[in-house]
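> Below are the chains, spelled out letter by letter.
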Amino acid sequence: MAVATLPHSGAHEEVDQLYKETRDLRLQGFLLFLISDCVLFSSFIFAYFYMRNSGQGWPPPGIHRLDVAFAAVNSVILFGSGATMHYALENWKHGNFNRYAMFMIATIVLGLGFLGGQAYEYTNLIVKEHVTWAGSGIFGASFFTLTGMHGFHVSVGVIYLFILLLQSVHGVYTKEKYFGLTAGTLYWHFVDVIWVALFSIFYLV
Amino acid sequence: MSTAAVSHGGGIADHIHPEPQGFIRRYVFSIDHKIIGIQYLITGFVFLVLAGLLAEVIRTQLLHANGGFVSADTYNEVYSVHGSAMVWLVIIPLITGGFGNVIMPLQIGARDVAFPWLNMLSFWIFPVAGLMLFSSFLMGAPVAGWTEYPPMSLQAGAGTSMWAAAIFLVGVSSTLTGINFVVTMFQMRAPGMTFTRMPLFCWAQLATAPLLMIATTALAAALAALFMERQFGVPFYDPTKGGSPIMWQHMFWFYSHPAVYIMILPAFGMISEIIPTFARKPIFGYKMIAFSSMAIALAGFMVWAHHMFTSGLAPYLQLPFMILTFTIAIPTGVKIFSWVATLWGGKIHFTTSMMFAVGFLALFTLGGITGIFLAAVPFDLHVHGTYFVVAHFHYVLVGGSLMGIFAGMYFYFPKMSGRLMSEKIGKWHFWLFFIGFNGTFLPQHWLGMLGMPRRVPTYDPQFTFWNQFSSISSYVMTFAILLFFINILVSLRNGKKAGPNPWGARTLEWQIPSPPHYYNFKHIPTVYGLPYDFSQPLPYKGLEEELTDTPVAVGAH
Ligand code: HEM
Ligand SMILES: [Cu+2]
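Note that the protein sequences, when read in sequence, are chains A and B. Those letters in the first sequence? Residues 1 to 205, per this note's numbering, in order. Those letters in the second sequence? Residues 1001 to 1557, per this note's numbering, in order.
No wet-lab data here; the hints were simulated from the structure. The model shown is predicted, which means the values in this text are computed figures rather than measured ones. Ideal Cβ placement from N, Cα and C applies to all residues, glycine included. Some hints here could point you the wrong way.
[What the hints assert, rightly or not] To give an idea of the interface, some chain B residues facing chain A are shown, with a C-beta separation under 10 Å as derived from the structure:
{"id": "1", "residue": "1188"}
{"id": "2", "residue": "1209"}
{"id": "3", "residue": "1213"}
{"id": "4", "residue": "1254"}
{"id": "5", "residue": "1513"}
[Stated by the list, open to error] Derived pair list, reagent style SDA-like, types lysine to any residue, alpha-carbon separation capped at 25 Å:
{"id": "6", "chain 1": "B", "residue 1": "1241", "chain 2": "B", "residue 2": "1155"}
{"id": "7", "chain 1": "B", "residue 1": "1241", "chain 2": "A", "residue 2": "129"}
{"id": "8", "chain 1": "B", "residue 1": "1424", "chain 2": "B", "residue 2": "1155"}
{"id": "9", "chain 1": "B", "residue 1": "1241", "chain 2": "A", "residue 2": "174"}
{"id": "10", "chain 1": "B", "residue 1": "1241", "chain 2": "A", "residue 2": "73"}
{"id": "11", "chain 1": "B", "residue 1": "1241", "chain 2": "A", "residue 2": "149"}
{"id": "12", "chain 1": "B", "residue 1": "1241", "chain 2": "A", "residue 2": "176"}
{"id": "13", "chain 1": "B", "residue 1": "1241", "chain 2": "A", "residue 2": "179"}
{"id": "14", "chain 1": "A", "residue 1": "128", "chain 2": "B", "residue 2": "1497"}
{"id": "15", "chain 1": "B", "residue 1": "1497", "chain 2": "B", "residue 2": "1517"}
Chain B on its own, in the form it takes in the complex:
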């Protein structure tokens, strides 16, 4: 923002391009960030259904100690594609490309992202890559889990190469999105919106974007090497030819640990918007929340080997990685305390969105605590590769990221569609999901501590009861997600009209109509302060005409 100075009251001169006409230009190959964001959301939810069905195959197999629902080979394929799809085709696209695109440019008072055409390209790579990943079932899907450790991933059928190519492509898409978002937030903030006035969701995206750009590229290298080794026999990972399977683990986790923050930081951001809005209180510790996002992103690059404590990591490396991992809990704790302090003494409105936000607080905290357990080498040696790890990451990813996505959907759906989602179905969705989720994954903690290994199609009969408990709960959870989709469809048709600002929220996107016009703002507003102070008048000028019928002057060079 070098030269765009704050002007008084009127905003600065700008021009608005006319809206493209025709269905294809408007909704298919759109360059409008709001449409692209919604495209990401729809595609991501379609993949959520597919990957969710795979999860139910897993849980159905585990209803009985000796399995029997699918063959052992199919089981390997199913959990591998389930995990890969959930990470790369569901959570990451939903939470970065989806919500990031819809909300971030509105929150900073911009008309679009910095490179709209690039944005369209990022999006269209994603469904193609998704189809490639699922098509790997036709040629023998990957079998070594979402982590695809060699040597198994070198020996498996052709689908593993397809997997590598698909993930590489999603990576390209993520990298481009990261670049686009950073430049947008650096260059296109409305006058007066300094970094320290930027909404916390944008801060979260700002912390995530470098991870998208840098970590993802490291994964791209690892994937390219895997692909070359599988297709052309170039030795990287095969120890008989001098390669090293451990090297894959380093490169994979150097990406995938930051990737877990890609999946959680934007959810943190949405929670930071939702909690003050429904507690009707300024967010506690704005700066601490913003800086802790950055700290987490930075520290996230220095802890990857905590996934490798049993891989023969040198003992003198175990200790530093253990301590560094422990320290990540500090910025994370700062956030949790800030949110709780925001709730404290607030006038809490328990909308569905808020219930998901509070549910997030509880479940994410539990998952974070088991994370600290796992970071302790002596403990991890016992539970690595068991269901305890599965329980840990489902608490942070489902209880955290996915709950955050649900909270965000109930919160932002009115902005995207102009209609409110049904609170009645929403409450059912929340409670069934919350109960189903805990029923599914809580028992996996003790199953893991008792020694039940992950990624095995059968188990010791002594574990039968809790596995059946888990499977049946997972059906409840799936039903709850079905309710969520029903809610979306019903509300799109019959939902109550939302109006511009149904929640009384204070960030910029709520000061304009729902859904916003193609050009977002008639006039780019000027920002005078933080958005979270509920006792003060709104800190914006130049928004007077946004909700009136004054026509906007459309022009182009």
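Here chain A stands alone, though its shape is the one from the complex:
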């Protein structure tokens, strides 16, 4: 089948820009998706502050402050995974496949570690302190909803990174074309940034 070629045809990049889903297109679309996801979190954060400020002090009577030390360690694990993710992508760009794979696996393991920590924290709250999602007023509602949403994002991220790893093993990406890895990295950093916000509002202030 012939390709319609006209005078003054440009480079192949130009050609693709008109019709195919190129990297630029996807990158922009993905960023916009992250922005709207960010609005979702922001709305719940707004709700959290709204409820927090309308009550009688925070945490509400009968509820202990959250354990900052444990959460801080868990945060370090998550931020560490952000760093390993960064190096994974950098190594991919430089063609070091082995180091890329190593960093990817490290990211996945750290992500799972964070989830494990969160599960531990949830169990502690629910079993020892009897703080639950639906039964502890606005505290339980906002804490479990927001951190649960975040945890869901981390879980999706871990699965996504795993798929990316398999894909790259099977040669889906090349040194020049690796949009999936860029998206995975962006998503992972996004999840990190959200955690900075959640950590500050639940544990610090």
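Position chain B with the ligands against the provided structure of chain A, taking the given hints into account.
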């Protein structure tokens, strides 16, 4: 458009994928933006009929002071689903997914939107969500109006959860459409089509898309919280558990005020195309119209609390919200003046489309003026929750958005189908609609000022005359809409062949056959200027072969 440089005369090389074969791939699960747009239009019009029937139940109930047509409970369900369906299943899908999809990629000289598969997904979520919303009647439909304020929305039957889920899904669909449109307009404009040469309809869609992406997500959060509270008892809005019903109002209006601009900005865009075309004059103030769309979209995020003046909003917040709301009238006024100035001294062709456009100008202006009344706290305290508010938003939504949709249908129907709509039926449609509409909603202004509350199935007998007047006029309006559908069906079969450019319009979509080919353009044209200068030759190159029989070279990698 980083690298796609302007090339001289020939356009740039590109390849065209072969058209899919088979009915299902072509018309049902199509990835062609034109088909998807038409799918949106058809689905939206079906929901218009359903929601319109609900409106007639309301008006029939209000024929008599003590009601009697339906029970009070049913009445609550009817107006709640009517409002929700009109906003989320009719106006928003028609005006963004419908016209946006059909027209925008053609106007910027693209072969499709940026993510055609995503576009198909956006569309198919919408009818599913619509069916869910209407199915809520089977389990006790929502009763707290389209705004679903708690605590009532927490106490009502299972249908309210269904409502929340349905609206959440339409929201997902809107968000995806918004993302798709922004990327399309940023990345896929034809060579030479700079932002300041982009047709005004596209500018309107560009202003709307961020609202779709950002405001809708805020609503999604509010809906999710409502759903969780109703289904799992997680306290967000119930004050007895520390939640706040006012918080719902903030989150809802933070979405729904921008949503009113989602519903009106694309109509502004179509009016900006129709008026210069039929006045045969360049649009007055192109840049001002484009920028005022952006200004309205931006400012729209800062005025939501004007819906909450009676909800115990702190007085020191009332004043800024009042002033900010007033300032929105400035960019809106800029548009109205620009359109009037375009008409001024033009050679006006009163086609049906143009009549709807001029009718839009009159009715939308009236609705905008009552909006300014309502934004004034001292006035709003008296009429909030009365029929005055109902009159206001029907002037902007029916007199504005729906009239814009009708104007757009008469204008673009030939492009979509290749046939003209009947002008004769069209004129009847216009006049009956215009008269019926004003008869229905004008009296509601004074009914509201006299104190008739909205959302109540009965009323004080002193209001009987104007209510009957309103109800009977609403039957006229419904009949006019029936004429519109008859016109579509008749014209599809017997309409005059339109040819590529029946109106002598100058934007890109009119320079190619009607309906356009699957691939839109044989060669992507190059753009050299604004489309609106009627005294100049067309500012495009590379369109020579579009209307000839030269076969297009189809290829794929
Ligand atoms: C000049 C611009 C406008 C101003 C200043 C304005 C102002 C207002 C105010 C203050 C209210 C609240 C009234 C109350 O509940 O007491 C209101 C309600 C409303 N407006 Fe507007 N408005 C404007 C334009 C529009 C447009 C363009 C639309 C839609 C296309 C719109 C749709 C609505 C709707 C749907 C409501 C009623 C919501 C409800 O309570 O159910 N408005 N407007
Ligand atoms: Cu508003």
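> A separate judgement is required for each hint: does it hold in the structure or not?
Now for the hints, and whether the structure bears them out:
no. : hint             : in the structure
1   : 1188             : 7 Å, holds
2   : 1209             : 9 Å, holds
3   : 1213             : 5 Å, holds
4   : 1254             : 8 Å, holds
5   : 1513             : 18 Å, violated
6   : B:1241 to B:1155 : 14 Å, holds
7   : B:1241 to A:129  : 19 Å, holds
8   : B:1424 to B:1155 : 51 Å, violated
9   : B:1241 to A:174  : 55 Å, violated
10  : B:1241 to A:73   : 33 Å, violated
11  : B:1241 to A:149  : 22 Å, holds
12  : B:1241 to A:176  : 55 Å, violated
13  : B:1241 to A:179  : 47 Å, violated
14  : A:128 to B:1497  : 77 Å, violated
15  : B:1497 to B:1517 : 16 Å, holds
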